[in-house]
Every structure is written in structure tokens, then in C-alpha cells.
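> What follows is each chain in one-letter form.
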Amino acid sequence: DAGITQSPRHKVTETGTPVTLRCHQTENHRYMYWYRQDPGHGLRLIHYSYGVKDTDKGEVSDGYSVSRSKTEDFLLTLESATSSQTSVYFCATDDAGVYTGELFFGEGSRLTVL
Amino acid sequence: GENVEQHPSTLSVQEGDSAVIKCTYSDSASNYFPWYKQELGKRPQLIIDIRSNVGEKKDQRIAVTLNKTAKHFSLHITETQPEDSAVYFCAASTNEKLTFGTGTRLTIIP
Chain A
1 DAGITQSPRH KVTETGTPVT LRCHQTENHR YMYWYRQDPG HGLRLIHYSY
51 GVKDTDKGEV SDGYSVSRSK TEDFLLTLES ATSSQTSVYF CATDDAGVYT
101 GELFFGEGSR LTVL
Chain B
1001 GENVEQHPST LSVQEGDSAV IKCTYSDSAS NYFPWYKQEL GKRPQLIIDI
1051 RSNVGEKKDQ RIAVTLNKTA KHFSLHITET QPEDSAVYFC AASTNEKLTF
1101 GTGTRLTIIP
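Chains as they are written, first to last, in this note's numbering: chain A, 1 to 114; chain B, 1001 to 1110.
Some clues are possibly wrong.
Said to hold, decoys possible - Keeping only pairs whose Cα atoms sit at most 27 Å apart, straight-line, the calculated DSSO-like set for lysine-lysine is:
| hint | chain 1 | residue 1 | chain 2 | residue 2 |
| --- | --- | --- | --- | --- |
| 1 | A | Lys-11 | A | Lys-57 |
| 2 | B | Lys-1071 | B | Lys-1057 |
| 3 | A | Lys-57 | A | Lys-70 |
| 4 | B | Lys-1058 | B | Lys-1068 |
| 5 | A | Lys-53 | B | Lys-1097 |
| 6 | B | Lys-1057 | B | Lys-1097 |
| 7 | B | Lys-1058 | B | Lys-1097 |
| 8 | B | Lys-1097 | A | Lys-57 |
| 9 | B | Lys-1068 | B | Lys-1042 |
| 10 | A | Lys-11 | A | Lys-70 |
| 11 | B | Lys-1097 | A | Lys-70 |
| 12 | B | Lys-1058 | B | Lys-1071 |
| 13 | B | Lys-1042 | A | Lys-11 |
| 14 | A | Lys-57 | B | Lys-1042 |
| 15 | B | Lys-1057 | B | Lys-1022 |
Hints in this document: simulated from the structure, not taken from any laboratory.
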């Protein structure tokens, strides 16, 4: 497995609180992604990064922001969590180019918003 | 935008039999089609992929076929084993966007 770690792995929070999920990779991959996984929806892209300080929106970006200040770290922030953001969040990386090669996923972070 | 439909959503097969999962896509610009396997509580992992210039690809008991004209691609697993039980996701990429199907839960019955 590629060296991709996510933290925290599990989090329970209340509506309206800020939440930050961290993805750390040791593979020196250029591209990093945040997905959310929900039953009946598969994996949906939230945001992605194609380099340090270079990010772009995915298909479900509303309510989320990201930052990438170093190659190895990609942060996902929920400024004010809502119950609809209860989900399993996966970070992924690749080095082949955006959407042209294998994605390496982290272990996932399960977020529950009460 | 791209729409990827995956069928069936659940599939149960006897151990040793074959399993087939089908996906259709809408964007004719799609040129890369990966398949990911996700075991319960684990991360998705790539099991096989195919590019638009190839019609079929095999890797041991797993094969993927692509019909560009009909815009559909399929995953075939032969001689199924208990460890094949998992959720399988197809995806289609246009190089600007990767869209996943909604997943198929495959259960192998001993």
C-alpha cells in the first residue's frame, strides 16, 4: 500500500462546529484528492490538488475547503459541519496525472455530525 | 457531465461460478476505465483498468471488456472464491474528470 494516512480515523462532532481532516502521504505524489463515500452514491470528488497551493473544486465542494501547503499534506475543512456531511471521507493520491492512472486511497475517516 | 451507471447493485454467486458486473457511461470522451475493489471496512484498491484503445484485458481470474460504440464496459470474475466478496466500483475518466459508479456488493456463497 502507498504510504497514505488519514487523521482522525473517526470523529463525532456537533452541527455548526468546524472540522479538519488531514491526509499525509510519503509517496511524493503530485496529485491528491478528497472523496466522500455514501451509500447509493459511490465515491464523489470534493476537491483535488495538482500541486502545492494548487487546488480545484470537485462535484460536491459546497461547504468544504482545502489547503495544501506541502506536497505531503492535504487538509479538508468543514467550516461549519452539517448533518448532511456525515460520511466516510477518503483521501487519494496519484502520480500519473489527473484521472489517468491508479488512485491510492487512505484508510478513510468516518465523520458523524450530530 | 459524465454519468456512470453500474448494475447490479447486489450480486450473489455460488463459489466457483462466474460473476459479471456491468457499467455504462455517457461521455464519449472517456478514455480510461478502472475497477476498484473495496473489502468491508477497508480502502478501495485498483484491481484492473482498461484504456479506450483496448477492447479486453485479463489478469488471472479477472477480465474487463470495453465496447466504445455502446459505451459500456464490464468486469468478469471467473472461478469465484470467498475472498472475492467485496464492493466493486467502476469508473470512467475523461482526463478532466473521473466519475465512479454507485458500486456492486458481490457476495460469494460457499
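> Can you list which hints this structure breaks, lowest number first?
Structure breaks hint 9 only.
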